[in-house]
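As given, the protein sequences belong to chains H and Y, one line each in that order. Position one of the first sequence corresponds to residue 1 (UniProt numbering), numbered consecutively onward. Position one of the second sequence corresponds to residue 1 (UniProt numbering), numbered consecutively onward.
Wrong hints could be hidden among the right ones.
Stated by the list, open to error - Derived CB-CB ranges, DEER-like: (1) Y:Q131 / H:T62: 19 to 27 Å; (2) Y:M1 / H:G198: 38 to 46 Å; (3) Y:L108 / H:G126: 35 to 43 Å; (4) H:D185 / Y:L10: 39 to 47 Å.
What the hints assert, rightly or not - Straight line, CA to CA, 25 Å or less: simulated BS3-like cross-link-like pairs of lysine-lysine: (5) Y:K127 / H:K81; (6) H:K145 / H:K118; (7) H:K117 / H:K145; (8) H:K145 / Y:K331; (9) H:K117 / H:K81; (10) H:K81 / H:K118.
None of these hints come from the bench; they were simulated from the model. For every residue, glycine included, the Cβ atom is placed at its ideal position computed from N, Cα and C.
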Amino acid sequence: MPLLEIRNLSVDFSTTSGSFRAVDGVDITVEPGDLMAIVGESGSGKSVSMLAVMGLLPWTATVTADRMAFNGHDLRGMTPKQRRRIIGRDMSMIFQEPMSSLNPCFTVGFQIKESLKKHTDLDRAGRQRRAIELMQLVGIPAPEKRLTAFPHQLSGGMSQRAMIAMALACEPKLLIADEPTTALDVTIQAQILELLTGLQERTGMALILITHDMGVVAETVNRVQVQYAGQKVEEQEVGALFDDPHHPYTAALLAALPERATERRLPTIPGVVPGQFDRPEGCLFSPRCRFADARCKAVEPVQASREMGLALCHYPLSHGEPTNREKAS
Amino acid sequence: MLRFVLSRLLTFVPTFIGVTIVSFAFIRLLPGDPITLLAGERGIGEERYNELAAQFGFDQPMWRQYLDYLFGIFQGDLGTSFVTKRPVLDEFLALFPATLELSICAILLAVLLGIPAGVIAAVNRGKFFDQALMTTALVGYSMPIFWWALLLIIVFSSGLGWTPVSGRMSLMYFIEGPTGFMLIDSLLSGQEGAFRSALAHLILPTIVLATIPLAVIARQTRSAMLEVLGEDYVRTARAKGLAPLRVNGLHALRNAMIPVVTVIGLSVGTLLAGAILTETIFSWPGIGKWMVDSIFRRDYQAVQGGLLIIAVIVMIVNLTVDILYGAINPKIRNR
Numbered sequence: 001m002p003l004l005e006i007r008n009l010s011v012d013f014s015t016t017s018g019s020f021r022a023v024d025g026v027d028i029t030v031e032p033g034d035l036m037a038i039v040g041e042s043g044s045g046k047s048v049s050m051l052a053v054m055g056l057l058p059w060t061a062t063v064t065a066d067r068m069a070f071n072g073h074d075l076r077g078m079t080p081k082q083r084r085r086i087i088g089r090d091m092s093m094i095f096q097e098p099m100s101s102l103n104p105c106f107t108v109g110f111q112i113k114e115s116l117k118k119h120t121d122l123d124r125a126g127r128q129r130r131a132i133e134l135m136q137l138v139g140i141p142a143p144e145k146r147l148t149a150f151p152h153q154l155s156g157g158m159s160q161r162a163m164i165a166m167a168l169a170c171e172p173k174l175l176i177a178d179e180p181t182t183a184l185d186v187t188i189q190a191q192i193l194e195l196l197t198g199l200q201e202r203t204g205m206a207l208i209l210i211t212h213d214m215g216v217v218a219e220t221v222n223r224v225q226v227q228y229a230g231q232k233v234e235e236q237e238v239g240a241l242f243d244d245p246h247h248p249y250t251a252a253l254l255a256a257l258p259e260r261a262t263e264r265r266l267p268t269i270p271g272v273v274p275g276q277f278d279r280p281e282g283c284l285f286s287p288r289c290r291f292a293d294a295r296c297k298a299v300e301p302v303q304a305s306r307e308m309g310l311a312l313c314h315y316p317l318s319h320g321e322p323t324n325r326e327k328a329s
Numbered sequence: 001m002l003r004f005v006l007s008r009l010l011t012f013v014p015t016f017i018g019v020t021i022v023s024f025a026f027i028r029l030l031p032g033d034p035i036t037l038l039a040g041e042r043g044i045g046e047e048r049y050n051e052l053a054a055q056f057g058f059d060q061p062m063w064r065q066y067l068d069y070l071f072g073i074f075q076g077d078l079g080t081s082f083v084t085k086r087p088v089l090d091e092f093l094a095l096f097p098a099t100l101e102l103s104i105c106a107i108l109l110a111v112l113l114g115i116p117a118g119v120i121a122a123v124n125r126g127k128f129f130d131q132a133l134m135t136t137a138l139v140g141y142s143m144p145i146f147w148w149a150l151l152l153i154i155v156f157s158s159g160l161g162w163t164p165v166s167g168r169m170s171l172m173y174f175i176e177g178p179t180g181f182m183l184i185d186s187l188l189s190g191q192e193g194a195f196r197s198a199l200a201h202l203i204l205p206t207i208v209l210a211t212i213p214l215a216v217i218a219r220q221t222r223s224a225m226l227e228v229l230g231e232d233y234v235r236t237a238r239a240k241g242l243a244p245l246r247v248n249g250l251h252a253l254r255n256a257m258i259p260v261v262t263v264i265g266l267s268v269g270t271l272l273a274g275a276i277l278t279e280t281i282f283s284w285p286g287i288g289k290w291m292v293d294s295i296f297r298r299d300y301q302a303v304q305g306g307l308l309i310i311a312v313i314v315m316i317v318n319l320t321v322d323i324l325y326g327a328i329n330p331k332i333r334n335r
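The following block holds chain H by itself, in its conformation from the complex (with noise of 0.2 Å):
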């Protein structure tokens, strides 16, 4: 049994310039242990379809899905209680911000103690003890004299250090890291994500990483599932998708990975993720695809075999040359 099981999840935005849909039919498979990440540009609706199976968006927010299960349990028919049960337990979250994500008003050790407090049966010198041994767990150093330190007292590598001791308090089976590294520096990135995965390693939890990284990828996932525009447009594990990538987006993503850049001139992919007011007819990459034709620019695309990746595309690539065209025309 799948730990998550998410089958054509959408998310609608009520604005007032009427409903913006920010993620469309994205189904998202993670198996206990899983280590994955989801991939995409910003607006792709990485973060949005994660912090709807936390059940953490803004009322203005409609989730509709087939299916949406944790651990067995139906998300969708869930009470806000019963939820709160399970989000910061089982499955956690940790945020792009780590310096904004804690509250300035208290102090570290409050705020872990209180995932503690909410969701375990410990006394009060056992939260104290398992707090300092999470601060220990994430490589806070003098974790002591941190718990009663406030937030802007530490830098943003130990912010997020505490982030992740908050995250892992209650041992949860899945953790959901939404652009851990995207606000601290290079070395201090590296430093977070093998902390990320030396946790997964150890403690056998699910991780979703949530990047618009490549190379973070690489070096970090067993899987990719890559979102553009709200939709997933190809899912594979991660040395096939290097070596393969199936759809035209992921080809360009990789092109536009400086290591594997051979040109003088780094490639980049012309134009923007479309919003609200500008979604192309057809595929929804069509207007930036080099490989695109009428049909594309027409019909909506079908999911290609498990073979191709499950790509999102009339033409699904195999080793750069797109396929089934022959057929088409």
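Take the given structure of chain H and dock chain Y to it, following the hints.
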């Protein structure tokens, strides 16, 4: 912390001197002469006038009068009211408990209703409760106080007969207690019904006096909460699975309290300075009414002394607010 308080106390010195100058000059700038007013309609002869002027020291040059006043202050002497012939400090202290009691009740009502109302409105932003509350707050804020007080008196005192019209205590009781707070003294006196009478007399003035601070606090709490509710750390708190009451009432509200504490401090300052209209309408024997009477009588000593004490009280309230900032937000404490 101690250094912070001491440095703030140092800034009191120039403020204090400034207040003495302003309060001294203010009453003297008003047209009208205290001795002529004291003499009444029959007028006063020149000889007697000069005699009285010499007695009160009005024949001295201004700078001399000011220095006398200043030296008096440092000896704890705020002068003697030349209308009542009693020391200004005694007069003030006799009346201040009435104002303090009313102010405390009003600010408690405003805080205890205003903050939860603002929080609930912010959490339910744009929904019916929010809009109803904010409209009510706007009405409360813009309503003329004297009219609102009269409406309440007409409905609850003369119409329904639930509350007395004016004063602090029914004439049936004679309460003279150690604290000057009618609620406490009436309880201590052991007289049956006295406490109920004191409470009944307090209700309407408290509501009237609390109306504007209540509206301001509710609106300020709402806007501060709206700002804070979008912050990342509120999302973190929700991601822990905490109940909405704890997320909104602890994690968000604590951060939203800084501007709220500011407006509470400002309200306390103005309330203590005497709620002139409210005290006048309800014949509340407090310092607001006393100050107005003193100004009309050109009672120089009473006005400058009263203004000075009020200014010092406001300064102390402001200092308390500054200290509270640090207690609420550790970031400010360490600066």
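Against the structure, the hints come out as follows:
1. Y:Q131 / H:T62: 19 to 27 Å: Holds - the Cβ-Cβ distance for Q131 of chain Y and T62 of chain H, about 22 Å, lies within 19 to 27 Å.
2. Y:M1 / H:G198: 38 to 46 Å: For G198 of chain H against M1 of chain Y, whose Cβ atoms are near 41 Å apart, the range 38 to 46 Å holds.
3. Y:L108 / H:G126: 35 to 43 Å: holds (39 Å)
4. H:D185 / Y:L10: 39 to 47 Å: Holds, at about 42 Å.
5. Y:K127 / H:K81: holds (22 Å)
6. H:K145 / H:K118: holds (23 Å)
7. H:K117 / H:K145: This hinted pair holds, its Cα atoms lying about 20 Å apart.
8. H:K145 / Y:K331: Given pair K145 of chain H, K331 of chain Y holds - Cα atoms ~18 Å apart, limit 25 Å.
9. H:K117 / H:K81: holds (16 Å)
10. H:K81 / H:K118: holds (12 Å)
Of the numbered hints listed earlier, not one is contradicted by the structure.
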